[in-house]
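So the protein sequences, as listed, match chains A and B. Each position in the first sequence, counted from 1, maps to that position plus 2 in the working numbering. Each position in the second sequence, counted from 1, maps to that position plus 2 in the working numbering.
Derived from the structure by calculation, the hints contain no laboratory data. Because the structure is a prediction, the values reported are computed rather than measured. Hints may be right or wrong, so weigh each one.
Said to hold, decoys possible - Pulled a few chain B residues facing chain A out of the computed Cβ check, cut under 8 Å: (1) Phe150; (2) Ser189; (3) Ala193; (4) Cys413; (5) Ala434; (6) Lys435.
Claimed, not checked - A partial selection of chain B residues facing chain A, derived with a Cβ cut-off under 7 Å: (7) Arg75; (8) Gly173; (9) Tyr201; (10) Asp277; (11) Gly308; (12) Ile355; (13) Arg402; (14) Glu418.
Using N, Cα and C, we set each Cβ at its ideal position, and we do this for glycine too.
There are 2 protein chains.
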Amino acid sequence: MNETRIHQARKGILTDEMQAVARQENLSPEFIAEGLAKGHIVITRNNKRTDIAPLGIGKGLSIKINANIGTSRDLLDIEGELEKARVAVEAGAHTVMDLSTGGDLPAIRKDVMKAAPVPLGTVPFYEAAARALDKHSSFCLLTEDELFDVIEDHLASGVDFLTVHCGVTLGTLGRMEKEGRIMDMVSRGGALTAAWMRYNEKDNPLFTSFDRLVELSARYDATLSLGDGFRPGATGDATDRAQLHELITLGELQQHALEQGVQVMVEGPGHVPLDQVQANVLLQKRLCHEAPFYVLGPLVTDLAPGYDHITGAIGGAVAAWAGADFLCYVTPAEHLRLPDVDDVRQGVMASRIAAVAGELARGMPGTREREHKMSKARRMQDWDAQYELAIDPTVARGRRGEAPPADESVCSMCGEFCAIKVQNDAKEAKAAKTAKT
Amino acid sequence: MNETRIHQARKGILTDEMQAVARQENLSPEFIAEGLAKGHIVITRNNKRTDIAPLGIGKGLSIKINANIGTSRDLLDIEGELEKARVAVEAGAHTVMDLSTGGDLPAIRKDVMKAAPVPLGTVPFYEAAARALDKHSSFCLLTEDELFDVIEDHLASGVDFLTVHCGVTLGTLGRMEKEGRIMDMVSRGGALTAAWMRYNEKDNPLFTSFDRLVELSARYDATLSLGDGFRPGATGDATDRAQLHELITLGELQQHALEQGVQVMVEGPGHVPLDQVQANVLLQKRLCHEAPFYVLGPLVTDLAPGYDHITGAIGGAVAAWAGADFLCYVTPAEHLRLPDVDDVRQGVMASRIAAVAGELARGMPGTREREHKMSKARRMQDWDAQYELAIDPTVARGRRGEAPPADESVCSMCGEFCAIKVQNDAKEAKAAKTAKT
Chain A
3 MNETRIHQAR KGILTDEMQA VARQENLSPE FIAEGLAKGH IVITRNNKRT DIAPLGIGKG
63 LSIKINANIG TSRDLLDIEG ELEKARVAVE AGAHTVMDLS TGGDLPAIRK DVMKAAPVPL
123 GTVPFYEAAA RALDKHSSFC LLTEDELFDV IEDHLASGVD FLTVHCGVTL GTLGRMEKEG
183 RIMDMVSRGG ALTAAWMRYN EKDNPLFTSF DRLVELSARY DATLSLGDGF RPGATGDATD
243 RAQLHELITL GELQQHALEQ GVQVMVEGPG HVPLDQVQAN VLLQKRLCHE APFYVLGPLV
303 TDLAPGYDHI TGAIGGAVAA WAGADFLCYV TPAEHLRLPD VDDVRQGVMA SRIAAVAGEL
363 ARGMPGTRER EHKMSKARRM QDWDAQYELA IDPTVARGRR GEAPPADESV CSMCGEFCAI
423 KVQNDAKEAK AAKTAKT
Chain B
3 MNETRIHQAR KGILTDEMQA VARQENLSPE FIAEGLAKGH IVITRNNKRT DIAPLGIGKG
63 LSIKINANIG TSRDLLDIEG ELEKARVAVE AGAHTVMDLS TGGDLPAIRK DVMKAAPVPL
123 GTVPFYEAAA RALDKHSSFC LLTEDELFDV IEDHLASGVD FLTVHCGVTL GTLGRMEKEG
183 RIMDMVSRGG ALTAAWMRYN EKDNPLFTSF DRLVELSARY DATLSLGDGF RPGATGDATD
243 RAQLHELITL GELQQHALEQ GVQVMVEGPG HVPLDQVQAN VLLQKRLCHE APFYVLGPLV
303 TDLAPGYDHI TGAIGGAVAA WAGADFLCYV TPAEHLRLPD VDDVRQGVMA SRIAAVAGEL
363 ARGMPGTRER EHKMSKARRM QDWDAQYELA IDPTVARGRR GEAPPADESV CSMCGEFCAI
423 KVQNDAKEAK AAKTAKT
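Hey, can you work out the whole structure from these sequences and the hints?
Quick look at the structure:
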């Protein structure tokens, strides 16, 4: 196997990439190298993809956001999906996942890389299933070699991280069926894999041939993002036997890949009541040896379709505080339809809020300083500074502009009874009164 | 003093009101009476206001939402504010606070009560300050009697709960000044009171004459909502000496009012980093003897103006989980301008999401059942049941309708690769294959 950045880190080589990540994070290159060597940090960049900046994800680093885009077989508006990718990056997403299942998938992937010059993630099983559906008329007739061909295609085309549902095994599937669940599986890749396994009466090739995957990833120094096929799809299914059993498998695979010098992230739930979020992070960190944790949401209630960016921001903030490293955005369209451009923007912003709330709760110095600057700008009624420091300057400026106050220094909410103005005025009045007497 | 519902509860009388609240909450009247007697539950209804249903707030009850509306002296669109009150109640707000400071305030209050047939809260100091501004040209020249006249007017007109900043004392003010703060005071009522105190070199009449307040409240069986004038207005000011010193005072006043048979809620922060939210709830519950806790947000970051309904939902969910009983909504307009009708609707929905997330985390049976029903409806791809169970059926239905999928059973996000559909189909395919062999 070729030398990966984990091998380099273990030899104490501080590469340009490690130095670049260290600068971005305001940390030492030694810290980054140590994190890489231990598997606590990944740098997501395929070694074929030198046109993008390397991105660090993991322990001690700022929290990162991913935005999913992609065609479905129903909705094949490629230009629309590229626009979403651009909007996501503009709004502050650090990575994009192309989850397309409809159209010329390799061509779309290439276009997404151009539109979004950030690390790209994919789920190769989708393309494998789509190809098999076209070729064999059922994705269940997909062969193992066809699957690995697609994976190699993705890596050769420069994909930086691959979501692979290696933990969907017959052993876990049986356990899920025996215990019973409200929603069974809701992971698209997980459900496709399970369906393939049931039909073929065979275990998951991504599990049985995990070494093939490790070898391919090493060749491109790509990151394996171990998907959670059994992630709960209902708050009532959270933290159950199937989820935990899969997590144990993912920890075993993570350990094995790390030994081979391959970077691993682990994906996590899903639909999780608020009181279980912290435990979920702790379990992932413990069972997967502090590998970076990539969470989808978590969504803390099932009752708010149309607002899942908010339910996801609640769960994401608490997960980030507890140690999650990478938040997959959830848009207001979740559970209802393919998101549009505005949904994408709202989803990224909600995740950024969750990330910042988590960073502040963890006491991350950069975030704390930015908070103080914002608070001071508010105290000084310095509106321009407030807009500049805001997560979304455009929206902040726009909203105030819609109803400008009579007195420029305040806002139309309290007008002349603005608490800040009242205090400033009272001090002046008191001084004037004292001067008179 | 006349007999209040606390006195009745202590005698073991189970009034119609207690029975009504018990039915709403699916609890026994004895539980409600015991909560009232101990001050853990309040029933917010002025005894002059028999046209609305009584509302229980406090320990063991479902979490309630308040929406603020009101004119400012800059923006005097009374019909607009009434529309906001109507929209807030339609969206699910349990109470409305009229925080008007501009226009004919008693007339506006009367109209709000008609528009929003739910318990009404006010901050009498605003009207007192507005009257003094008109009469004396400075609110600092307000007299104690004038202030209590306004309070009596509010109660006589049927106001159900009064926010009174009784804990803004010279002792706490001095402490805040000595320690220093980024934002000083951001509570409008608190800042006005402090300015009055500084100007007049006198302590707060709502503190020094607290018994006058207690007596008036008892007469109308209204609830005192002890305001937190020193609530932090910056995440960096959270949980500081001034805030805690005021909370100690509020606990003393709560104890005294409770002894006199007067219902008390206590208001809480504000801008609080996520890691301090739980501690804030614990401190309030301990220092104020488990009086109902009414929180504003908390906002877990200062960096998201334009999205403070989301920062508030994050803090509100964690506070609700930790034991907060009553959430004051925060709208996307917070810190920027007076909210419009759409902001009000979004603010209420975000708070409802926080409340449900908190209830689920606490394991409240009604919420847990509703979650399970929703998850099952999703599993069955029963869209009508999903809309019906959704916090906001209109938005859920509307969003899916914007991009209907080719296959009616799924949504356009995953189309035919819908995880639920894939599993159902795979089971059928497997059965067909088995039947053939």
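Hint check: 8 Å Cβ-Cβ cutoff, B:Ala193 to chain A = holds (4 Å)
Hint check, B:Ala434 versus chain A [nearest Cβ-Cβ separation less than 8 Å] = violated (10 Å)
key: Status of the hint placing B:Glu418 at chain A (closest C-beta pair under 7 Å)   = B:Glu418 check passes; min Cβ-Cβ to chain A is 6 Å, inside 7 Å.
inquiry  = Next item in the hint list is B:Ile355. Is there a CB on chain A closer than 7 Å to its CB?
reply    = Constraint on B:Ile355 satisfied, holds at 5 Å.
ask   = Given B:Phe150 was flagged as interface, is its beta-carbon under 8 Å from a beta-carbon of chain A?
value = It is violated, given that the least Cβ distance between B:Phe150 and chain A is near 20 Å, above 8 Å.
key: Hinted contact B:Cys413 with chain A - closest CB pair below 8 Å   = Holds - the Cβ of B:Cys413 comes within 8 Å of chain A, reaching about 5 Å at its closest.
Minimum beta-carbon distance criterion (8 Å), B:Ser189 to chain A = Cβ of B:Ser189 sits 6 Å from chain A, so the hint holds.
task = Hold the hint about B:Asp277 up to the distance rule: shortest CB distance to chain A must be less than 7 Å.
result = holds (4 Å)
inquiry  = Min Cβ distance, B:Lys435 to chain A: is it shorter than 8 Å?
reply    = Interface hint status for B:Lys435: holds (7 Å vs cutoff 8 Å).
message = For the restraint on B:Gly173, tell me whether the closest CB of chain A is nearer than 7 Å.
response = Cβ of B:Gly173 sits 18 Å from chain A, so the hint is violated.
query = Do the numbers back the hint for B:Gly308, that is, is its least Cβ distance to chain A under 7 Å?
reply = holds (4 Å)
ask   = Can the hint on B:Arg75 be confirmed by a CB-to-CB distance to chain A that is less than 7 Å?
value = holds (5 Å)
In summary, the numbered hints that this structure violates are 1, 5 and 8.
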